[in-house]
Every structure is written in structure tokens, then in C-alpha cells.
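Model the full structure from these sequences, guided by the hints.
Protein chains: 2
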Amino acid sequence: MAIHVQKFGGTSVGSPEKIKNVAKIVLDTKKRTGNKMVVVLSAMGHTTDELIELSKNVSSVRSDREMDMLLATGEQISIALLAMALHELGAKAVSLTGYQAGIKTQPVHSRSRILEIDTKRVEKYLDEDNIVIVAGFQGFTEELEITTLGRGGSDTTAVALAGSLKAELCEIFTDVEGVYTGDPRVIPDAYKLKEISYEEMLELASLGAQVLHPRSIECASFYGTVVHVRSTFSNNGGTYVKGVDALEIKNSVSGVAIDKNQAKIALLDVPDRPGMAAKLFTAIAEQFYIVDMIIQSVKDSFTNDIAFTVSRDDMEAVVKIAEAVAAEIGCTKIVSDTNVAKVSIVGAGMVGKPGVAAAMFKSLGDNGINIQMISTSEIKISCIVKLDECEEAARVIHKNLILRNL
Amino acid sequence: MAIHVQKFGGTSVGSPEKIKNVAKIVLDTKKRTGNKMVVVLSAMGHTTDELIELSKNVSSVRSDREMDMLLATGEQISIALLAMALHELGAKAVSLTGYQAGIKTQPVHSRSRILEIDTKRVEKYLDEDNIVIVAGFQGFTEELEITTLGRGGSDTTAVALAGSLKAELCEIFTDVEGVYTGDPRVIPDAYKLKEISYEEMLELASLGAQVLHPRSIECASFYGTVVHVRSTFSNNGGTYVKGVDALEIKNSVSGVAIDKNQAKIALLDVPDRPGMAAKLFTAIAEQFYIVDMIIQSVKDSFTNDIAFTVSRDDMEAVVKIAEAVAAEIGCTKIVSDTNVAKVSIVGAGMVGKPGVAAAMFKSLGDNGINIQMISTSEIKISCIVKLDECEEAARVIHKNLILRNL
Numbered sequence: 242m243a244i245h246v247q248k249f250g251g252t253s254v255g256s257p258e259k260i261k262n263v264a265k266i267v268l269d270t271k272k273r274t275g276n277k278m279v280v281v282l283s284a285m286g287h288t289t290d291e292l293i294e295l296s297k298n299v300s301s302v303r304s305d306r307e308m309d310m311l312l313a314t315g316e317q318i319s320i321a322l323l324a325m326a327l328h329e330l331g332a333k334a335v336s337l338t339g340y341q342a343g344i345k346t347q348p349v350h351s352r353s354r355i356l357e358i359d360t361k362r363v364e365k366y367l368d369e370d371n372i373v374i375v376a377g378f379q380g381f382t383e384e385l386e387i388t389t390l391g392r393g394g395s396d397t398t399a400v401a402l403a404g405s406l407k408a409e410l411c412e413i414f415t416d417v418e419g420v421y422t423g424d425p426r427v428i429p430d431a432y433k434l435k436e437i438s439y440e441e442m443l444e445l446a447s448l449g450a451q452v453l454h455p456r457s458i459e460c461a462s463f464y465g466t467v468v469h470v471r472s473t474f475s476n477n478g479g480t481y482v483k484g485v486d487a488l489e490i491k492n493s494v495s496g497v498a499i500d501k502n503q504a505k506i507a508l509l510d511v512p513d514r515p516g517m518a519a520k521l522f523t524a525i526a527e528q529f530y531i532v533d534m535i536i537q538s539v540k541d542s543f544t545n546d547i548a549f550t551v552s553r554d555d556m557e558a559v560v561k562i563a564e565a566v567a568a569e570i571g572c573t574k575i576v577s578d579t580n581v582a583k584v585s586i587v588g589a590g591m592v593g594k595p596g597v598a599a600a601m602f603k604s605l606g607d608n609g610i611n612i613q614m615i616s617t618s619e620i621k622i623s624c625i626v627k628l629d630e631c632e633e634a635a636r637v638i639h640k641n642l643i644l645r646n647l
Numbered sequence: 242m243a244i245h246v247q248k249f250g251g252t253s254v255g256s257p258e259k260i261k262n263v264a265k266i267v268l269d270t271k272k273r274t275g276n277k278m279v280v281v282l283s284a285m286g287h288t289t290d291e292l293i294e295l296s297k298n299v300s301s302v303r304s305d306r307e308m309d310m311l312l313a314t315g316e317q318i319s320i321a322l323l324a325m326a327l328h329e330l331g332a333k334a335v336s337l338t339g340y341q342a343g344i345k346t347q348p349v350h351s352r353s354r355i356l357e358i359d360t361k362r363v364e365k366y367l368d369e370d371n372i373v374i375v376a377g378f379q380g381f382t383e384e385l386e387i388t389t390l391g392r393g394g395s396d397t398t399a400v401a402l403a404g405s406l407k408a409e410l411c412e413i414f415t416d417v418e419g420v421y422t423g424d425p426r427v428i429p430d431a432y433k434l435k436e437i438s439y440e441e442m443l444e445l446a447s448l449g450a451q452v453l454h455p456r457s458i459e460c461a462s463f464y465g466t467v468v469h470v471r472s473t474f475s476n477n478g479g480t481y482v483k484g485v486d487a488l489e490i491k492n493s494v495s496g497v498a499i500d501k502n503q504a505k506i507a508l509l510d511v512p513d514r515p516g517m518a519a520k521l522f523t524a525i526a527e528q529f530y531i532v533d534m535i536i537q538s539v540k541d542s543f544t545n546d547i548a549f550t551v552s553r554d555d556m557e558a559v560v561k562i563a564e565a566v567a568a569e570i571g572c573t574k575i576v577s578d579t580n581v582a583k584v585s586i587v588g589a590g591m592v593g594k595p596g597v598a599a600a601m602f603k604s605l606g607d608n609g610i611n612i613q614m615i616s617t618s619e620i621k622i623s624c625i626v627k628l629d630e631c632e633e634a635a636r637v638i639h640k641n642l643i644l645r646n647l
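As they're listed, the protein sequences go chains D and X. Quick note: the first sequence uses this note's numbering, first residue 242, plus one each step. Quick note: the second sequence uses this note's numbering, first residue 242, plus one each step.
Calculated directly from the structure, the hints in this document are not laboratory data. What you are looking at is a predicted structure, and each value in this text was computed from that prediction instead of being measured. Please note that the accuracy of each hint is not assured.
Remember, identical chains collapse to one label, so a pair may be satisfied in a single copy or spanning two.
Cut-off 20 Å, straight-line C-alpha distance, at most; resulting in silico cross-link-like pairs (PhoX-like, lysine-lysine) [claimed, not checked]:
(1) Lys297 x Lys259
(2) Lys561 x Lys520
(3) Lys297 x Lys261
(4) Lys333 x Lys297
(5) Lys603 x Lys640
(6) Lys261 x Lys333
(7) Lys265 x Lys297
Here it is as C-alpha cells:
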């Protein structure tokens with residue numbers, strides 16, 4: 242019998258009624274497929290926010306260990322309730338905390354990573370014909386400390402469990418129907434992809450398509466687990482995320498994404514001497530800020546302009562670092578700009594198809610959208626444009642590249 | 242350094258403000274005494290009720306394992322919050338779940354009993370100068386299952402931890418000032434006892450004085466742990482519960498208690514043959530109903546009357562059992578009565594002081610209160626009276642025996 246993992250997020254288990262609905266979905270799947278079922282849950286809807294609010298009311302001191310102790314109760318509540326809802330339907334079911342499910346993590350609180358999963362107990366309960374319900378988002382250390390996995394933690398629990406159990410399929414139930422070629426709120430023409438590669442999904446996830454957290458995709462890619470992203474609230478098939486070799490069709494462009502959390506910083510008239518850029522980006526990296534795109538352009542034979550982007554929240558701090566470096570290297574002009582956004586296209590088939598980049602730039606140019614910066618990888622092309630032009634940029638790219646199946 | 246255990250119940254940690262107050266009490270005690278502090282908490286105020294309500298909304302099937310999984314989150318929330326509140330005050334503190342604190346129980350859900358406590362981790366954290374906060378009411382089995390201890394569970398956790406750690410004192414903070422000679426709502430003259438023996442407390446607890454659960458008193462008695470019952474909301478000293486040998490004064494009567502949860506069942510005209518009573522009470526015991534008081538009176542040389550009391554909730558079921566037995570033994574008259582209550586006096590010094598029983602009966606008789614049944618033990622005398630006379634009965638007994646220090 243194949244093992245089948247299903248994960249339901251906070252909105253899918255947000256009320257007793259919704260938990261009953263999840264119980265039905267799980268039991269129906271078991272009956273229809275005959276598979277052994279493992280279910281991973283997040284905390285109910287607003288539980289996590291309520292617990293954080295409680296903690297703020299007793300203390301202003303950040304205490305990651307105690308916060309993990311507190312937040313881990315959220316999933317423990319939802320797994321117990323789902324087990325009860327399954328019992329109500331006459332099914333055998335047991336719930337397991339991260340500890341009981343053998344999810345061993347780094348000795349780090351609030352943003353830990355899974356080291357390994359001892360699936361012994363999960364398998365024992367599966368062999369006894371139980372539906373096994375595992376608390377997502379949480380694990381334990383060698384010292385028996387409770388840890389949480391941070392953002393995207395429950396997805397990661399599900400995918401890692403699926404990988405460790407050699408599950409045939411890992412279904413991630415969420416409040417969207419799957420992975421789209423673009424954000425339907427911005428691009429009305431966007432359509433649901435039948436499948437997408439880990440690599441593309443990773444780029445799309447990093448670019449702000451909030452369907453699957455990058456960590457869970459990396460994990461799926463590591464194990465080669467097929468992930469099915471689909472809606473809790475409809476029976477429609479969703480999007481399969483799988484290895485690029487397993488794809489039926491490699492789209493040259495699978496999707497377009499917008500990232501508005503960008504800020505541009507530029508050092509102008511930097512003396513054209515070796516090591517200037519190294520000095521700047523070393524100083525920034527030493528403070529753990531992440532630089533996204535970098536452009537260096539030669540202005541004349543004596544000076545360069547160096548422009549780069551960081552996340553909007555980091556801008557102020559990074560400008561300070563840049564100013565210190567600038568003073569040192571004799572550059573006096575620093576400008577920063579939050580009126581920017583990044584528009585990206587992603588496609589596993591892009592590498593074998595020349596002219597995709599050109600078509601993207603032409604679409605933007607034809608529609609009067611100026612490109613400020615460009616960065617490319619094997620499966621991605623990103624452009625920085627003005628913030629208020631980014632949605633239009635995504636629409637014209639979607640129309641000219643994706644709908645025309647370029 | 243001595244170890245000092247403090248336990249706070251649900252009303253004492255019912256809000257963020259109250260949790261902050263508990264943090265102050267604990268830290269003040271640590272500073273004042275220099276003791277190593279262990280704190281045991283219940284779930285916040287209505288958390289348990291809310292969780293039970295949630296469970297009812299998803300399932301009508303009773304699932305003790307999953308209910309324990311669910312309810313154990315209640316204490317986990319309060320211990321994390323208290324640790325944070327102590328951090329806010331600059332104190333070192335860690336919270337531990339039942340599992341982490343080594344509280345090993347029977348493999349029974351919803352009403353488990355502590356088998357042993359492995360205090361290794363608690364002691365390690367104490368040695369590192371932490372205030373150690375332990376989740377009450379919960380433990381774990383050899384199979385790593387989460388269990389709960391049922392009613393009075395947090396008191397039992399506190400007392401068992403104090404015993405295992407050889408703590409100097411176990412303070413039970415509650416919403417009353419201590420143990421009284423009677424219920425002050427019924428007996429305005431009732432006063433707080435400075436000390437009481439385990440045995441007396443056990444009788445009073447069983448008799449409905451809801452200060453300490455009988456299980457926790459048995460546990461304290463087993464370890465010889467001195468328990469101090471006191472109020473979270475005042476600085477007044479409470480009542481010390483200790484071994485009878487350690488008492489300064491042995492009161493002949495320490496307190497009077499009322500138990501209204503009584504029902505009387507009588508079989509009239511039972512044939513006077515050997516084995517009649519045995520047949521009846523064996524049948525009742527086989528269905529796990531607890532019989533409290535029993536009276537058999539000889540009516541004439543051929544028949545007896547057998548009367549006994551059970552808890553009110555059990556009456557209907559027990560009457561059915563009695564009817565079946567009655568039919569078998571040829572008795573046709575069964576009467577039952579819920580218009581009864583039990584009034585009891587308890588005193589460790591009663592045994593050495595003749596005339597206490599007589600004084601009790603005289604008090605009742607002088608005040609026109611008829612005694613229907615009597616039962617006595619070394620430290621207790623109980624009388625069944627009419628329900629609507631029981632409070633007056635308690636008042637006259639309190640006045641004539643306790644206030645006069647008989």
C-alpha cells in the first residue's frame with residue numbers, strides 16, 4: 242500500500258466545521274485510493290496570532306524557547322480535534338506531536354530546521370490501519386526541547402515526512418486552486434498550471450507567489466517527492482510540482498511574478514579602481530543583509546555607477562553601511578529609491594529557447610515601461626521597473642509570452 | 242539550598258495580569274527565602290472549558306487519548322507565559338511540559354496516576370539557578386503518550402514533585418485563604434485553621450471541602466510533604482497540612498462538612514436470612530457504584546430493613562440494580578429519597594476524647610433535627626439528615642462543638 246501525505250493549512254482548519262470537512266476529505270481519499278494516510282496540520286486560523294498577543298501581554302522580552310513552547314500548542318489543538326472528527330466518522334485515527342512523530346530538529350528555536358525524521362511510530366500506527374495526524378511546524382531537539390520551524394514550517398513538515406516515508410504523493414491543501422501563471426488579482430488572464438518543476442516553483446516562491454514556501458520545495462526536490470498543490474474548498478485538480486525530468490511539457494515561460502518588496506540603492510561616480518564593489522558588498526554581507534540584483538555601469542574612464550537592490554525593510558540600514566563605505570572610497574553621491582518593483586518570468590524551458598529575454602524586454606518597451614535593472618539565471622529573467630508600472634508590466638509580459646506560449 | 246514548590250490554580254493564572262502577579266509572588270519568594278523555586282501551574286481560567294467545547298463541536302465520540310492531547314495544551318500555554326513574565330522581571334526561568342519534567346504515569350488516559358518522577362531535568366535547571374515551571378495535570382507513559390491526571394491533577398503534580406524533590410514546603414495557592422472549620426457561606430462563625438493533619442484533610446476533602454483534592458493529600462501523606470494552602474490574592478498565612486505527629490494541637494473536632502450529593506435507598510421487609518446484604522452490595526459493586534453509608538435494622542424476627550446511601554447521580558441506576566436483587570430475594574418494598582444530606586465532623590483528637598459523638602447527636606436533637614443514619618470512623622462522625630435541615634445542622638454543631646473547643 243502506498244503512503245499518501247496530505248497537509249492542511251490554518252485557514253483549512255480554521256473552525257470546527259472546517260475541521261470536519263478536512264476529516265471528510267482525508268477519509269474519502271483513504272477509501273478511494275486505499276492508501277495509508279498521513280495528515281499534517283497547521284494551527285487553527287488565528288490561534289497563532291492569539292497566542293502571540295497573549296505573550297505580548299505578559300512580557301516585552303523576546304524568549305524564543307518559551308515562544309516555541311507556547312506556539313507548539315496551536316498544532317497540538319488542531320491535530321487532536323481532527324482525530325476526534327475522524328473518530329466521529331468511524332475512522333481509526335491518532336494524533337502525534339512533533340516529538341511523538343520523531344521530527345528531530347537543530348537545537349535552534351523559532352526557525353529550526355529538520356535534521357531527520359524517525360518514522361518508526363508513524364509507521365507503527367499506519368500498520369495498525371490508523372490515519373496518522375502529525376503536528377506541522379514543530380519538532381524537538383536531542384535535549385527534548387520543543388522547537389518550531391518558522392515560516393512555511395508545516396509545508397516543510399509535510400514534504401519531509403512524505404520524503405522520509407517514501408510517500409507516493411504529498412498533497413498541500415491551501416486556499417488557492419494551485420500555482421498560476423501569474424497573480425489572478427493582477428493578471429485576469431492568468432491560468433492554473435497543470436505541472437511545474439521544483440526549480441521553477443522555487444523561483445516563483447522566492448519571487449513572492451505565496452503558495453509553497455521555498456524550504457518545502459527544496460525539501461521536495463531533495464527527496465524527489467511529487468507535491469500536489471490544491472484547494473481545500475474544491476474538488477478541482479491543482480498543480481503538480483515535480484522534477485524537471487518528470488515534466489510532460491517544459492514551458493519556456495511558466496509564470497510571471499511581481500515582487501514589490503524592493504528598494505534600489507545606487508552609489509554614483511565611484512572611482513574606477515579594483516576592489517571598490519568588493520568593499521561595498523563585503524560590508525553589507527557582514528551585517529547579514531541580502532542583496533538581490535547588482536548592476537555596475539561604466540560612466541566614463543574614471544568613475545562607475547554601482548546600483549543594487551535590497552528588501553524594502555533593510556534599505557535604511559544598508560544605506561548607512563553604504564554611506565560609510567562611500568566615505569572611505571571617496572564617493573559622495575548615494576541615492577535610494579523605494580519606487581521600484583521586480584517583475585520576473587520563470588520557465589524551465591527557457592534555456593533551450595532563444596529570444597525569450599528579447600521578447601520580454603520588447604513587451605515592456607512597446608508599452609512604454611522603462612527597465613532599470615536586469616538580472617538573469619538559467620530559468621529566470623528579472624527586471625526592475627517603476628513600482629506603479631509593475632502590474633501593467635506583468636500583464637503585458639503574460640499576454641505576449643505566456644498566453645502566446647512563446 | 243532548600244527546594245520550594247508553589248502551585249497556582251486556574252483562577253490564579255486566569256489572565257495576563259494575574260500571570261504577572263504570580264511571577265511577582267514567585268520571584269519575591271525566591272528573593273526572600275533564597276530557596277530553589279519550582280512552580281506548578283494549571284491551565285488559564287476557562288481554557289479547559291473552551292477546549293472541551295471545541296471538541297464537542299467536532300465530535301460526539303469520546304476519545305480519551307485525543308482529549309488528553311487537546312487538554313494538555315492548556316497548561317503548556319500557561320507555563321510558557323509565566324516563564325515569559327518572569328523573564329520580563331529579569332529572572333531566569335524555564336517551562337517544562339509533563340514529559341520534559343519526567344512525570345511518568347500509568348498508561349491510562351483522562352484519569353491517570355503518577356507512577357514516578359524522574360527529576361533529573363528539573364534539578365539540572367534548578368542548579369543553573371532557573372525558576373522551573375512545570376505543567377500540572379499532565380504526564381506521559383512509557384510509550385510517550387500524553388496523559389492527564391483528572392480532577393485535582395495539578396495539586397497532585399505539585400505534591401508529587403515536592404515529594405520527589407524532597408522539597409521543604411509545597412504551597413498550594415488557590416482562591417480561598419486556607420482550610421476553614423466549615424463553609425463560611427453556611428457557617429458565618431467558621432474560622433481558618435492554622436494546621437490540620439493529612440487524615441483530617443482527607444476526610445474533609447472527601448466530604449466536599451473543595452480546597453485540596455484527596456489524591457494530592459494522599460500523596461503528601463505518603464511523602465510526608467508539608468503542604469501550605471493559601472490565597473493567591475492575599476499575604477495572609479493559610480493552613481498547614483502535615484502529619485498528625487507534627488501537629489501542635491490535636492483538635493477533637495477540626496471541622497464540619499456538608500455533602501448534599503447524597504441519595505438514600507431502602508429495601509424494606511427483607512427476609513432475615515444470611516447473605517441477603519452480601520447479595521445486594523455485591524450486585525451494586527459489580528457495576529462500580531460506590532455505596533457510602535449502610536444501616537441494617539431488625540424489624541421483627543422475620544424481616545430486616547436495609548438502607549444505604551449513594552451519590553445522587555447514581556441513584557436511578559442503583560435503584561434498578563436493587564430492584565433486580567429484591568425480586569430475587571423476595572423483597573417487594575424499595576424506597577428512595579433524595580431529600581437527604583450528610584453532615585460530618587472531623588477531628589484527629591476525637592479518638593482520645595469521649596463524648597464527641599454524644600455531643601453531636603445532642604446538638605442535633607436539641608434543635609429538632611432528626612438523624613436518619615449514622616456512620617463513624619476513628620476521626621469522623623457522619624449523620625444523614627433532611628436536605629433542608631443540613632445547613633442548620635452544620636451551624637449548631639459548629640457552635641456547640643468547634644467554637645466551644647469541645
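Evaluated hints:
| no. | hint | verdict |
| --- | --- | --- |
| 1 | Lys297 x Lys259 | between (29 Å within a copy, 14 Å between copies) |
| 2 | Lys561 x Lys520 | within (14 Å within a copy, 91 Å between copies) |
| 3 | Lys297 x Lys261 | between (32 Å within a copy, 12 Å between copies) |
| 4 | Lys333 x Lys297 | between (39 Å within a copy, 18 Å between copies) |
| 5 | Lys603 x Lys640 | within (12 Å within a copy, 100 Å between copies) |
| 6 | Lys261 x Lys333 | within (15 Å within a copy, 42 Å between copies) |
| 7 | Lys265 x Lys297 | between (37 Å within a copy, 17 Å between copies) |
In this structure, none of the earlier numbered hints is contradicted; all agree with it.
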